[in-house]
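> This is what each chain is made of:
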Amino acid sequence: MTAEHALIGVALLLGLLGGYLLARRRRLGRPSERPEAVHQILLPFTGTEISRRALDAALRLARAEDATLMPAYLAAVPSRLPLDCAIPNEAAKAMPMLEAIEQRAAAQDVAVDARIERGRSYRHALRRLLAREQFDRVVVPATATGGSGLSGEDLVWLLEKAPAEVLILRPSPGDERRLAGAEAASR
Amino acid sequence: MQRGRYKIFLGMAAGVGKTFRMLQEGHAEADAGRDVAIGYLEPHRREETSAQARGLEVVPRRRVAYRHVEVEEMDLPAVLARAPELALIDELAHTNPPGLEHRKRYEDIDDVLAVGIDVFSTVNVQHLESLNDQVTELTGVRVRETVPDWVLGRADEVVLIDLTPEALVARLRAGKVYPGEGIQAALDNFFKIKNLAALREVSLRQVAEDVESKRLVNSETEPLGTREGRLAAAVPKAVGERLLALVRPQPSSQRLVRRAWRSAQRLGTDLDLLWVKKPGQPIEGEVERQVTALRQLASVLGATLLIEEHDDLVAAAARVIRERGSTYVMVGESLPVRGLRRLREPLPQRLMRAAPTGVDVRIVAHRGLEEEAGDDR
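Chains as they are written, first to last, in my numbering: chain A, 1 to 187; chain B, 1 to 377.
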């Protein structure tokens, strides 16, 4: 066996080892999808549209921090109905929105784990969600028209009670740009 | 003694013509020579209805004192004593005042049927217990007088009195449903086209389900030895769609559930979600969190989450498909597999082979990021 053969053998071995390491890294490369990960950013919203600025901010953060974005549609269940009743009408509103958010998130390589949460009010729904899930950040637009459906009082409550960093987006002309569920449907 | 035959006229709302149709059919029976009597009629001051009742014998009502006023109720003992071949008893969901034989009129009807008298009766769809919440959510109006669903299930025949929302509103405006002073209030509240359209859909679906369940019951009792028998047994399976989505406790399953739910909505059918868990696999940590999320989503959507423990996903799914009568199965796109697993037949094909003939399998594209592929057994 010549030195040339030995070099070829070493090169092949290195190639195989490199390929194995690369495949292993790819397989384990997304900590947010691994069971032990709790890196989550909550984006609560109501209605049939959401502020594009709030969504973009949440996506930017999630991408930068390799976190999972949790868009959560908050549904207020009237007191005459059981809190755990099926809400097909609300679900029908939430579905296109969640689909649209998921599309944008996928385009930016951000993992999504969506929720629809019921409560007697939006704040109650948010409280139930915060009690069940762990978040590192909560992103909400400050304006009541930004799609969060949360009032100023709700935001103060969120700042006081949420066991996570709360990012309230300052109102801006950009708030007029919305993402609506229909966008997803039309694509 | 043979129990009487029970026919129910079901409507989406007051004014569609249930009582009118019941009386029409009562007349037809009387013309055919049967002994027909009205056990109870609630004409709601509608002239057309009162006119239609003419010529039919009426069992007099009894007067009952209730909260210091006298109300008129059906006289059950008198109906039983009169013992016609066919009794027409309006509004089966009605609640009797205290002190009568039964709390609800459908219980009175049960007594009438028990002595062999045929009964025609009427009810609106929002009175059915299982639909009460759904109807309330659709219309914003909760109906207090409810009846258990088995009342409809026990009927030998359910006739849907269908009317387009526009036609019903026109009837209302023409004063054929409520007297003048109540028309505008009704139009402003319950009788909105949107409400009526939703109620109409619920009624149509309810009758379709009733027909389907009766077909299934009948097909179980029919002999399957002949070709006709086998065909008869096959019909119900083709008529009623039922969706099953195979899920895993992972975020990507939520998209699959959303897709499946929208398909179920379009088909107007029920949705089951199935997770086949490996034997001994603990439900803890992230798996527990995702199972909770799936459970929540199922509850929001009115779907049923089934968790089966089995080491063979296809065998378990095929068994559930048979048990639940699923006609449509939705699975998520398989993730890339490695090694010898590449040689295995893909899950959708294996499912198609294991499931009963005629079950469709649909693959929902995976949009999310890479997840663990280890569950694709």
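Hints may contain errors.
[Said to hold, decoys possible] Stretches of chain B that chain A covers, calculated by requiring three or more beta carbons in the stretch to come under 8 angstroms of a beta carbon on chain A:
id	region
1	258-270
2	323-333
[What the hints assert, rightly or not] Partial pick of chain A residues on the chain B-facing surface, computed with a CB cut under 7 angstroms:
id	residue
3	Ala76
4	Leu83
5	Ala86
6	Ile87
7	Ala114
8	Arg120
9	Asp136
10	Leu167
Treat the hints as calculated values from the structure; they're not laboratory data. The beta-carbon is built from N, C-alpha and C at its ideal position, and this holds for glycine as well.
> Any of the earlier hints contradicted here, and which numbers?
Hints 2, 3, 4, 8, 9, 10 not satisfied by this model.
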